[in-house]
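Using the sequences and the hints given, assemble the complete structure.
Protein chains in written order, with my numbering: chain A, 221 to 340; chain B, 52 to 227; chain C, -10 to 483; chain D, 418 to 1016.
Rather than coming from a laboratory, the hints here were simulated on the basis of the structure. In this text, all values refer to a predicted model and were calculated from it rather than measured experimentally. Glycine is no exception: its CB is placed at the ideal position from the N, C-alpha and C atoms. Heads up, some of the hints might be wrong.
[To be verified] Below, a sample of chain B positions facing chain D; criterion: calculated Cβ distance under 8 angstroms:
id : residue
1  : Ser135
2  : Val136
3  : Ser140
4  : Asn142
5  : Ala145
6  : Ala146
7  : Thr153
8  : Val160
9  : Gly164
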Amino acid sequence: MHVVYPVVLAALLFSVGVYGVLARRNAILVLMSVELMLNAVNLNLVTFDAWLKDTLASGQALTLFVIAIAAAEVGLGLAIVLLVFRNRSSIAVDQLRDLADRDAPSAVPGETVAEREAAR
Amino acid sequence: MTGAELVFVPLGAVALGSSVLVVTTDQLVRAALWLVVALGALAGCFLLLAAELVAWVQVLIYVGAVVVLLLFGIMLTRAPIGRSVDLDSGNRVAALVVALGTAGTLVTVVVGGFRTASIDLGDGSAGSAGTVGAGLFRYWVLPFELLSVLLLAALVGAIVLSRRDIGPRARDGGED
Amino acid sequence: MTVLLLVLPLLGCLAVLGLPPKRAAAFGVAVTSATLATALLMAATFDYHRSGFAQFSVNAPWIPLIDLRIHLGVDGISLPLVVLTALLCALCAGYLARPSGQPERPRALVALLLLTEVGMLGTFVALNLLLFFVFFEVVLVPMYAVIAGWGGQRRAAAARQFILYTLLGSGVLLVGLLLLYSRTSTMDMVVLVGRAGTGLSHGVQVLGFLLIAGGLAVKVPVWPLHSWLPDAHTQAPTVGSVLLAGVLLKMGTYGMVRIAVPMLPEGAVALAPALGALGVAGIVYAALACLAQRDLKRLIAFSSVGHMGFVLLGIATLTPVGINAALLGNIAHGLITGLLFFLVGGIAQRYGSTDIDRIGGGLLAKAPRLGSLLVFAAVASLGLPGLAGFWGEMLAMLSAFRPAGGLNPALYLVFLAVAGLGTVLTAAYFLVMLRRVAQGVVPPRWTAERFGDVTAREWVAWTPLLVLVLAIGLWPRIVLGVTDGAVRVLLRGG
Amino acid sequence: MTAALAVPVVLAPFLAAAVGLPLGRRLPPGIVAIAGTAVSAVLAIAVAVSSRPAETLARLTPTGGIAVTVGVRVGGLSATVAVMVTLVALAVQVYSVGYLRGDPRYPSYAALVSLFTAAMLTVVLSADLLLTYAGWEVMGVCSYFLIGHHWERPAASSAAVKSFLMTRFGDVGFLFGVFVLGTAAGSFRITDVLAAVPTMSHTTVLAAALLMVVGVVGKSAQFPLHSWLPDAMAGPAPVSALIHAATMVAAGVYLVALLFPVFLAAPLALDVLAVLAVVSMLGAALAAFASADLKRVLAYSTISQLSLMFAALAVGGRTAAIAHLVSHAAFKALLFLCAGAVITAVGGGLLTDLGGLRRAMPVTFATMTVGFAALAGFPPTSGFFSKDLVVAAAGHAASGEAALVTVAVAWLVAVAVLLTAGVTAAYATRAWLLTFFGTERPAREAGPVLTGPLLALAAPALLLGLAALRWPELRPEWGSALASVAVVVLGAGVVLARWRAAPGRDPADLLGRARPLLASAWHTDDLYERTVARAVTGLAERVVAVDDRVVGRAVTGSGRNAGRLGGLIRLSQNGNPQLYLTGLLAGVLLIAVGVVVLA
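In structure tokens:
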């Protein structure tokens, strides 16, 4: 079997996952998209394991690890989502903007409001 | 085109199509169900690549556990069961551009890199439970054990996060 | 001994933070005096027959990876500047210690003063390009803090402008130094001067000179890069203004003499006319700006731009006479403008303002000694023969009359004529200033006010400057005898 | 030996200044200053008597090029002028003790006069052109201080500023001239420079000479840099006597005489000098005739008399110029000191306020009469002899002997000299009449401290010319003597006739409508005020505006714009993690594409 088929599929799946992470608002949907991306990676791992006939079976072993970690991740992720929902009654990712730079931008670094007014 | 390829292509198409539906559907529950389809199709792909054990683990853990968890999450966040209009953020166009860019780049590179490579699947025993299990416990013991610690930690973490009575005791007024 | 020169104020800077605030100023006097004593001892034991070569050298590796070595030394070019710096710092510390004008937060101010001194002395004794740059930068932050912490009403903006502007200059300078390093793979100034630009292509030399001299030009400041200077001087406290004018500006011209001209001779020949043109433009521009100035501190700040114009003109001729003139002009300007800023500080303390119209004249009647000192300093600053300011200006113009080979003599004649006009205008604004501040009748608002004439402490702080201005004016060999040999060695490479 | 004697001639007044400035208040008035000047005068006479050319030098400083030396150079010319300077300075110092009695600023005044004397002696005795320049400048600043002695009066302080700036403008020319000569000769030593003149190119010599003319015109208050001198009368009278008779303004004449070989090699410069002298001579004489203030009359007359010396130099009469310089120093110092005595007695110097003082102030009357007679050039005063030498020199040049300047210029000089002699006699007579004749008014003769110096100066003013008959080259020639006496008598006669016809009326009425124009010296002051001063002030204000609006704004503006640009980029920091992630991935993608494309 050509390597190209599974690898291309993995690339496309990954891109779909990227789109989902970037475009979806619901945190749970974002988690699902992340799963898609993880699976794309898994596919690659398996493909190359088979292609290279790895004696350590590292591709498959790592795939198993990834699956386990993904399970843990989803568990933790959902816990966090629940916490957020409990605190804010919303899990829309683009509304969590506590990191935003809030005060109005100043023209000169370190300039106080009074000075700016005076300069005008 | 070999027989395996003939099977692989439609399976891949199913996986891809259902994953696209996952990220585009306007119903939350359906997204989870389409995810099941996509992951199942992928398990089929793993089988075609002679990764038998991985395929079964995929079905068991992903389809069996992860998706169920996700469904629980959907329910616990009181998401609407039917259509909802605001599942996509305003970032959609930029996301599409980036995603298409990623796809284009990756596909170009991958096709360019592996145009002639082909997989010799051999007798198909490379991915059996026996072979993989021997590999795991012969060469991957330490990571395996570490992973179990990680799982434990994740478990504890999830509990701590989701239980109300062991959260931060005094809530400051600063939060909204 | 060179190391001691740097370590003393550095240790003092750390130690002063542990003292009770009341004793900080006295401690500052002790440390700066010890540093001054070291500098004077150095001058006493200096071998004047070998003034062209670095003495009291120290050369130890520091960070070998980037060729950073602790290479220090003093030669005929740096010795006068080292002594001037140590002297002005000691006088500043003495001025801070006077009982009538204890500053707020004396510990911090004295510590910053000492840190500035480390940077300034280090700049003058460093013989490694990177080390030079490090010391050059060390001065900036404490000076920023001095202006921002103890300055006048609009100090925040002035301090910010000062540090951003000079940092920009330093950035350009650093790029230039790195260019030099990348093409020569050495940072050692002695080696680079000895090579005198051999092995560097014309383009690299011109670019290097443009970057290095351009970076230093902010510090000098060369017209039209001067706009930070009047604000910084006006807003800085007296000691800040004295050090800014007395030493900081010299770091720029010193760098040009020490680095830009001897290491990149072809670049210097290519760009010297531009430097000279900016210099004379600065002379006339500053003089005109001073004529219409209403604030004493601002006036003196602008006069610095003019004086540095003469120094630049000297450098731009690339002759021994011109470089000597620049070095002497540096020293003279440091002494005279230092004195002027001290005097204006005294006036501000008495009148509570440096606005010429507010003072309104009659200083000679109100405080005759202070007025006479102001007259003396102004006359010295306008370049009266027999006082220090004369020789730098005169020699700079003399050198412009016959610039080095490769430069267009006709162009320099134009510079000469403009500079000559500048001397008349310089005299004009100083005399107009004296007429409006020192002469005339005391305005009614001050007649009832009683304030003392020059106090004993002020005499102590100002007399050394007065004596040196006279001594160098009457016997310029004090400085020129030291620098001449070094300048010849420096230019012989090219 | 001579040179060793000459060094303390300069140093004595300098030391007097150095001691007097800090300690003047504690010592009896004038003691240091008078002692210093007296020592200097005695030594100067000793040097002049021994009168052998000598030079002593020391290296002052290396410069990297031509070294600057310090030293004295004594010759016949410098010894004579040094004696003249020290004697006049001595008279002025003694006179000042009385004139400024009770003035709290007397100590610094006396020290500055000493310093001034030292600076003038530096100019006279220096062996190095740069040292000469140093003395030349120090003199300028001392004159600034002395003219501004009454600095609480706006007129005095502005006159001081004006005098310094105008002379400094000339000084720049002088300095550049020194540069030209020094670099051409490879040395600033006067001996070397003079020796090197024949080897210099014509352009160099001409440039040097013209630049020197600029310096000289400024210092000696010749047209067009003359207008500071009348204003400088705001200083005390003895200062005027010192600055405007014997020292500062005389320095210009001395310098041209000293560097005469340079000018001889550049006749064009002499032409220029001659024309400027002619303009100043006649213009200042007419201004003196029209002036309403006694000291201003003397000021304009100084300009005019100095032009006479320059004219003499221009036509080659170096001896005549120096002779007139010396005699002028005597009688003009005398006149200024007399004017000081009159002003102290009356309380003002306006000619309309004076009159009828001949009985009240007999000594002043007698001495001032001698002074005016010498100024007018009546025989046998010193002024007659020295002026006659000038007339003779001009006549020789006009007749084509020893032609330095073109014959046309020589004729111009000759005619102007004679005309000036007439006008000089007229204004001297006028001032004399207006001061001492007419209605009497109460006044008291000045004390002996003031009259002593007057008598001491009257003697040379009267007798110097007769004493000089010993030397054949200083004897008058009959033709020129007759011509000048005739013109002088005519000038004085017209004024006297007018006075007879209308006693008590100002003979300046003869000028009619032209009087205000002449009194203001053709409005030159006004012209400078309107053009140069106003242009410079306007330019200065514009520069400040430009500095604020353009240069300053360019800097703060670029800072502000950098801030604004940062503000734009800051907009992306809106807290939306998806946006951040999009940016991150897009960046990674770009890098990946870049790597793929470039690799």
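Cross-check of the supplied hints:
Because the beta carbon of Ser135/B sits about 18 angstroms from the nearest beta carbon in chain D, more than 8 angstroms, this interface hint is broken. Here the hint on Val136/B is broken, as its CB sits about 18 angstroms from the closest CB of chain D, past 8 angstroms. Proximity of Ser140/B to chain D holds as hinted, the smallest CB-CB distance being about 6 angstroms (cut-off 8 angstroms). Residue-level restraint check for Asn142/B holds (minimum Cβ-Cβ distance to chain D is 5 angstroms; threshold 8 angstroms).
The closest approach between the C-beta of Ala145/B and any C-beta of chain D is roughly 5 angstroms, which is under the 8 angstroms cut-off, so the hint is satisfied. Given hint, Ala146/B at the interface with chain D, holds; its Cβ is 6 angstroms from that chain's nearest Cβ, closer than 8 angstroms. Hint status for Thr153/B relative to chain D: holds, with the closest Cβ pair at about 6 angstroms, below 8 angstroms. Look at Val160/B: its Cβ gets to within about 6 angstroms of chain D, closer than 8 angstroms, so that hint holds up.
Interface restraint check for Gly164/B: the shortest CB-CB distance to chain D comes to about 10 angstroms, outside 8 angstroms, so the restraint is violated.
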